[in-house]
Each structure stands twice: as structure tokens, then as C-alpha cells.
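We have chain A already, so just place chain B on it with the hints.
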Amino acid sequence: MKTTVQKINNLTIGFQSQKGEQISILKNISTSINQGETVGIVGESGSGKSTLALAMMGYVKHGLFTISGECIFHSNNLLEMKNKELENIRGRKIAMIPQNAGQSLTPNLKIGYQIDEALKLHTDLKQTERDEKISELLNKVRLPSPETMAQRYPHELSGGQQQRVAVAMALAGSPEILLLDEPTTGLDVTTQAHVLELLNLIAKDSGTSMVYVSHDLGAIAQVSDRVIVMYSGEIVLDGPVRSILKNPIHPYTFGLLKSIPKLSLPGLPNSMSGSQPQPGSIKKGCSFYERCEFADDDCKVNSPSLEFIKDLNTSVRCFKHNELLNLTKIESQNVKSIENKVLKNEILDLSSVSISYAKQKFLDQLLNKINDTNPTVKDINININKGETLALVGESGSGKSTILKSIAGLLKTKDGNIKFEKDKTLSNDLRQRDPSLLRAIQLIFQNPDESLNPNHTVEEIVSQPLRLYFGLKGKELKDKIIEVLDKVRLGEFYLTRYPRQLSGGEKQRVAVARAFAAKPDIILCDEVTSALDVSVQAAVLNLLQELKEDFGTTYIFVSHDLAVVRAISDRVAVLYQGRLCEIGPSNNVYKFPSHPYTEVLLGAVLEPDPDIKPKLVAEDIVEEKPPENGCSFQGRCPRILGDICKNEVPPWQTSENGNSIRCHIKIEDLKNQQTSN
Amino acid sequence: MSNKKEKQKNIFEKIYEVIKTMASKPSGLIGLIILTFHVILAITSPLYVPYDYKAIDPSLMLTPPSSEFWFGTDSLGRDVFTRTILGGRTALTVTFFGSLIALLWGGSLGIFCGLVGGKIDDVVMRIIDAFLSIPWILAMLLIVSLLGTTTLVLIPALGFFYGKGIVRVARAATHDVIAKDFIVSARARGHSNMSIIWNEILPNVRDAIMVEGAMRWSWMLLGFSSLSFLGFGVSPPTPDWGLMISNARGLMSFAYWAVLAPIFGLSSLIIGINLTADAFAKALGIDRSTKAPV
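In order, the protein sequences belong to chains A and B.
Numbered by the working numbering, the letters in the first sequence go through residues 7 to 683 in order.
Numbered by the working numbering, the letters in the second sequence go through residues 2 to 295 in order.
The following block holds chain A by itself, in its conformation from the complex (with noise of 0.2 angstroms):
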């Protein structure tokens, strides 16, 4: 029997309404968490998972408090305790760690002393114990040299550091529970694998016992043991982890599994209809309800229960768990597999494109010319055919952005020119290039809040390409409004609505609305599905791909996701450090022969799968710059074959399967190594 080192009983947390109703974020919340456990906390935003969590250490945010229930550490209940005596709990006993490391680590402070502070809190250690201590926290997170270290400064280390050195001062109080909210969002896919096998070690060698909170049923997968699903402030779903992802026996989680894309299955997901309730507006019946495709009028009138199940050991919030424990024995997911009609001509091309971002000196200023020896992104030579989706991939730094910004005219090339149709060259101002150009090349952005005017109605927001590439007013203007949003299954109510009113998935498809309103060729999609949730993400990826077979429009897909990349793209294009290391179609890319940062990318996805472990190759380093000459991996290439390396550009070299790759390698030899382990 394990000790239980903290427990819940009906936690309800809420607020108060303008109207002075009470509103609960958290709806009876009952669970505990085991010594030596790592548990799980996975829902979308809005789900109360954050709230959760911060209860867990007793505090509850300014606004919210609590109306019923308790949480019992150590005999006391947290949420009635003072904060003095909170104190003494909140770093020693229980440790949190944030989401962004960056933020929460003070800029002017050395690491060191930042820790140190740490310690001189939560121990009473003397200096030259605490000394040690830092040394051995800095080992114990996996940190090269501990002693130079501790000397820098937050930030001199990269976002991964950063991320362990938080974990470390969290472990200076040597604390019987770690909460972990969201801690490797946002981190690069590589970056993330290491720090969570990095937890993985800390929870195996120290015994404590883990909260982690995520979005991302990827990351939760590696880590837990078990797993909480929450939804609009209930858990539905609580058990252990393999029973939670292989036998998802409540409705949302079945939806959620299967509207993720998964390498391992490639093509479009499942998405999901709906969004989440706002808080409060669930007055009887299940809140799932709306969304759920088993429900019937039981489930509108009643709410269910949290029921446990024997047999799978898990406790589910749902009255037709039975039926979905049957269907997730039998049925084999299926995806809708893309077959995209490319034609052969082609309608864009990027020959020998340099970018540089570094500051020009006075007279080359006067001359307008870019003197940069060691640009951002350099030679990159695509061609993409009209009707095909071609898809950027690479960590942040890879210069995907900014090759897209460039294409779209929102930043200069320094070399190189681009090509529309073949023999329309796209100006590097984009005042001087002509309307019909500016019309055929649209962007869509990673997050609609900041891509949508707050000030602006739909309406407003969908007719401004309209009205500037189309001339249209009036009766005209409005229908064409409608038709258009027609077109990304948006009614004709949206008209009046701001962006504010709208959800996350809503707001990205008037995004869509407005690059399809200019009836463009080519739609460069910057990231996005990155800032929505997983259960909406899949909805876009499809209306996207909808859009595109009615219309045959061409696009440049960036993501940092392979999964997201693999489920929507013809053709993949692999960058790291500005320079393209592998292009080819899609479907070979995933496959090997291929170039070792596509292997190493490809080994740190997190599958929604605890037995499918991301496969650690290479070294958890982040460069800043790219190397002046040879092979822009050398510096973090697993199979390094020496001075070559650093001294020559690399060969292209086509593989069989028809992808190209940048690499001094042999094909053969490649295809070795990497089938061979």
C-alpha cells in the first residue's frame, strides 16, 4: 500500500459574477496523489488544470476562492492555512515549477546565487555546504561543468537550461511534491525530450512525487503514472496511464486521442465539433454534452457520476464508459490519407535566397546593399508546384519564418531571387510590387489574437481584402462577406461578433476567411495550429485541406510539429540554422535514409503513447549562429564524420526513396547506421 501524500476531497473553486452569481471553475474535485507518483494533469485551456494545481500548494489566485472541499497535506488542509504558515510548505514541502523559465528566473542574478537563495530559504544549511549543494543540484539536472554554471547569468543559457535550472532551485528544498505547470511548452521538440526524460530520472532516483500539467498528451505520456483528464473544471477521467490512452473510455478523451496527429498514422485526424462551455453555463446534464457523440437525452438531463471501474482501475465520469470500452478494443483508428492534384507547373521559386538580419553599416545603407558573410538563411532553392502543400520544418531559429516573411515581401533578401508563375520576380519592397501579386500571396499567423484587430468586427475583419483588391461595397460586399464565411463554416450571425466573442477555433477560421477572401494562389500558414487546442487543431488542419481541394490554392505550411507536418504536407522541407539540410516528398522523409537532424527531430516526437519512448540521439545544445563554413549541423551531428564536416558545404545526394539530403554521408552508409539501431 502506497502512502498517501496528499488529497483532495470535493475541492469546488469559484467566483463571483457581475451578477452576483457564484461561477465554479473547479466542480467537487476528489483525488490524492501517491508517494513517489507522478501524475498527470491534462485538459485544454480553460479546464481549471492551472487552478488545480495551484490549490495543490494552497494557494488560490486573486478573484477566485474557495466555496467548498479541502486539501489535506500532511493532516492540515492548505486552502485554511495562513500565509505564514504557508510559507514554510510552499518551496520546501511542495515545489512548483513554472512555465516559462525564462520569466522566473530574476536577469540580473547569477545562477549560482539564485539557487543559493533557494537553499538559504528552504534549509539550514551553511555556506560552504550550500556550496556543495549547488554543484551537486546542478549535476543532478544533467548541466555540463557545474562550477561555470553557476557563474552565469539566466540569460547565457538556453531556454532548455533554463528550464533544468528551474528544476533545480525546485529541488533545493528536497520537496515531497514537484508541480510542474506546463514546463516544456514552450520548448523545441528536442529541448522538451531531454528535460522530460530529465523528470523521469529526478522522479526514479528521488522518490518525489510529481504533478505535471500539459496540455500536450504527448509529453503527459512519458512522464506519468497516472493521469487526470480534466473538462470545464470536473475530471472525467482518472486512472492509469495506459489504461487512460489505450482504453479512453470517456467520450473526450476518445475524441482528443483521436483528433491528435500521430506519426506513427499518417494523414488527417478526426477533429473534434464544439468547444468548451464557458464556466457557468452548464446548469443540468453532463457538460460534455454539446460535443459528445455517444449522447443521448439522459445525458442532457442528468450528470453523471465520477464511476470507478475494477477492471481498468480507473475512475470515469460518464454513463456510457461501457460502451466506449468495447469500441476502443475493436475499432482501429482510421484517417482520412491527403491526395493532393499537383499540377506540373510551377508557381513559385526561390533560387539561391540569402536572408540576413544583421545591422548594415552606414555607406552600404546608402548603396542598399546587404554585406553579410554569414547570413540568418542562406542558399535556398525550392521550387513549389501550384496546387501542392509544401511544408517548412525546423526548431525555432531555423529561419522557416523568415523564409515565409520574405516570400510574403515583409522582409528584404539579401541574394537570390524569388519567382511567381516563372517570370514574375516578387520585388524585395513590397511597395513596389503590383496589386495581383500582393492579392496572389496571403498570410495566415500563428495566434489569431494578435492577427485579428480586437477593434474590428468579423464583418470588418473579412471585408478588407475585399474592399482592397475587389473594390467592393455594399450589397456586394456583404454577400461575397458571407460566402466567404460560409466557406470556413462560419455563419452569417459571426458578422457582428469581435474577435474577443469568439473561441480560439473560431477565431483562426476568420483568419482563414480573410486570406481566402482575397482568392489567392498561394497561402503561407506560419505555425497555425501551434497556439489551439489539441481537440480544435485538427478541426483546421481539415478545413484547411477542404479549402484547398475546392479551390486547388497552393501552400507553405511552417511548423515545428513533424506529427502535424506528416498529416498535411506533400512535400517536406527540413532547415536547421537557415540552411536546408532535406527536401522530399513527405511520405520518404519520415522514412530513412534520411539526414541526421531530420533523424534527430524525428527521434525527440512525443507520441500520445507510453510505449513508444522519443529516441535521444544527439546532444542537447542550442546554437546561436550558424557555422561560418562546412555542414550547418557540425556542431550537434551524431554522425560527425570530422573535419570534412567543418570545412566543406555538404553535397545534395538523392536517396532512392527520392528525397534529397544535404550530407557528406554516404546514402548507403546513412540508410546503415540509422536502420541498424
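Incorrect hints may appear among the rest.
List time: in silico DSBU-like cross-link candidates among lysine-lysine, alpha-carbon distance up to 30 angstroms [to be verified]:
no., chain 1, residue 1, chain 2, residue 2
1, A, Lys-25, A, Lys-289
2, A, Lys-597, A, Lys-652
3, A, Lys-525, A, Lys-430
4, A, Lys-481, B, Lys-15
5, A, Lys-365, B, Lys-120
6, A, Lys-479, B, Lys-120
7, B, Lys-120, A, Lys-418
8, A, Lys-479, B, Lys-15
9, A, Lys-621, A, Lys-252
10, A, Lys-554, A, Lys-493
11, A, Lys-365, B, Lys-181
12, B, Lys-55, A, Lys-67
13, B, Lys-15, A, Lys-425
14, A, Lys-619, A, Lys-597
None of these hints come from the bench; they were simulated from the model.
Frame of chain A; chain B shown alone:
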């Protein structure tokens, strides 16, 4: 056409909403009541003043308040009540139009500088900084003594001096918006700078600029009254609070009523504007207590 009408209806609805929110807090309600009271008084007072504001009667010099002369009389025997309720007219008109001018030129220049950035922005902002370092009252005195004290000089001069601060606020507000993707998106579509300012930036910075303008209004009122006090505002015998305070201040020890009445008028108006501006800012979602405007 219907679109335009709808839009107008929306604007009225929005104004109504904002005023309702402002009045929902006691401080906002008090501010609104004081301000409305002053505005109505300024518009209608000539219709019902009990005496002629110019009428001098040496026999009634410095009479204390009575049922006949509610606020007493001043050193020339003029009725203080009459002069007090008339005294806000010039101040309100001059400063209202002055603030409007300040808002217009400060707002447009600020947005323009924020949008174009670079060298032009640098040069303009340094010039503004240089102007800010000149004590405004000296500069105002210089302008007024060169060009005279007519309203036509005072309004643009005050508008110019109080607009400098608005330039900074408008520029800062524009900088907040300019990095957002919807501006990038408008640029990529190929909209002109004017269209970007009008459609994308203005709706987002309008609130901040308007709140700043309202705050400047009360400052300008104080500034205008100071000018009158120094004898450079309105010329006698036009009733004006600043002038009245200046005239009666020497007699304060035995004829307090002649000073108190205009002081009360001036300070209540300033308090009213300040409370209203604060409530206005809160109703628009700009919290001045946590976020400095500049």
C-alpha cells in the same frame, strides 16, 4: 447605406454603455454630475443671472453675503454670485477647444511617429523633448504678450503646449499595437500607411488618447486660470475665475467671500473633470493606477 446607419447606432450604443459604466461607481457618478452641472451652467447662465456682471456700484463695495447678494460683492461693488456663475464660460470654452486641438495634433503626430519610426521619429521626439523642457508659462506669456490675449490666440497656444504630452502617449500606444500581427497582415496585403493608421491603429489607440485628452483638459483649465490670474488670460471686465481670484486676493483677510466663490467654482470643475476622466478610463478598460500612460 444601411451599414453606415448601423455603425452610427453602434457608436451611440457604445457611448451609452460607457456612460452607464462610468455612472455605476460613486466617484464616476459624482464626477459626471459636477461636470454636467458646470456645462449646463455655462451654457444657460446668461439667461438667469440676477445682476449685470459689469454693473459697478461703489456704495455696495465688499458687502458680505446676504439674501440680496448671495455671495456678496467685490471691491467694485459687483455681484460675486453673478460673476461666479458666468466666470466658467470662457474658461470652459477656451480649454475645451484647446484640448480638442491638443488631441488632434498630438494624437496624429504621435501615431505617425509610432508608425514610421526610424530617423523621422527620432528627430520629432527630440524636438518635442526640447519643447517639454521649456517652462510652459514663460512661453505662453511670451506668445500672449506678442500676439494679444484674444481667444483666437489662447486656444491654439494652449492646444499646442498641452498637445506635447499627448504626442508621447499616442506614440507609446501605437508602439504597443504596431508589433501585432494584424498590422503585419495589413502591410503584407499592401494597404497604404493612411489606411493602416485609420483602420488598424486608430481604433486601438483611440481610447488611450481620449483619456489622456480628458486629463489634459483639467490641467489646461488650471493653466488657463493661472494665465488669467497673472493678467494674461481674459481681459476685464469679462468675468473669469482666475481674474476674480487675482483681483480679490489682496482683500482676502476681510472679504473672504470674493475669493472663495471663484475658487470653489474652479476647483469643483477640475475635480469633476478629473473624476470623470478617471471613470472614463476605467470604463474603457484602461487602468491608470497600475499603468503609467507614458
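Evaluation of the provided hints:
1. A:Lys-25 to A:Lys-289: The hint holds at about 16 angstroms.
2. A:Lys-597 to A:Lys-652: The hint holds at about 27 angstroms.
3. A:Lys-525 to A:Lys-430: Holds, at roughly 18 angstroms.
4. A:Lys-481 to B:Lys-15: At roughly 25 angstroms apart (the allowed maximum being 30 angstroms), Lys-15 (chain B) and Lys-481 (chain A) satisfy the hint.
5. A:Lys-365 to B:Lys-120: holds, 15 angstroms
6. A:Lys-479 to B:Lys-120: Distance ~38 angstroms between Lys-479 (chain A) and Lys-120 (chain B) Cα, so the pair is violated.
7. B:Lys-120 to A:Lys-418: With a Cα-Cα distance of about 19 angstroms, the restraint between Lys-120 (chain B) and Lys-418 (chain A) holds, given a limit of 30 angstroms.
8. A:Lys-479 to B:Lys-15: This hinted pair holds, its Cα atoms lying about 25 angstroms apart.
9. A:Lys-621 to A:Lys-252: OK: Lys-621 (chain A) and Lys-252 (chain A) at ~21 angstroms, within 30 angstroms.
10. A:Lys-554 to A:Lys-493: holds, 11 angstroms
11. A:Lys-365 to B:Lys-181: holds, 23 angstroms
12. B:Lys-55 to A:Lys-67: violated, 64 angstroms
13. B:Lys-15 to A:Lys-425: violated, 48 angstroms
14. A:Lys-619 to A:Lys-597: holds, 18 angstroms
Violation of the numbered hints given earlier is confined to hints 6, 12 and 13; the remaining hints are satisfied by the structure.
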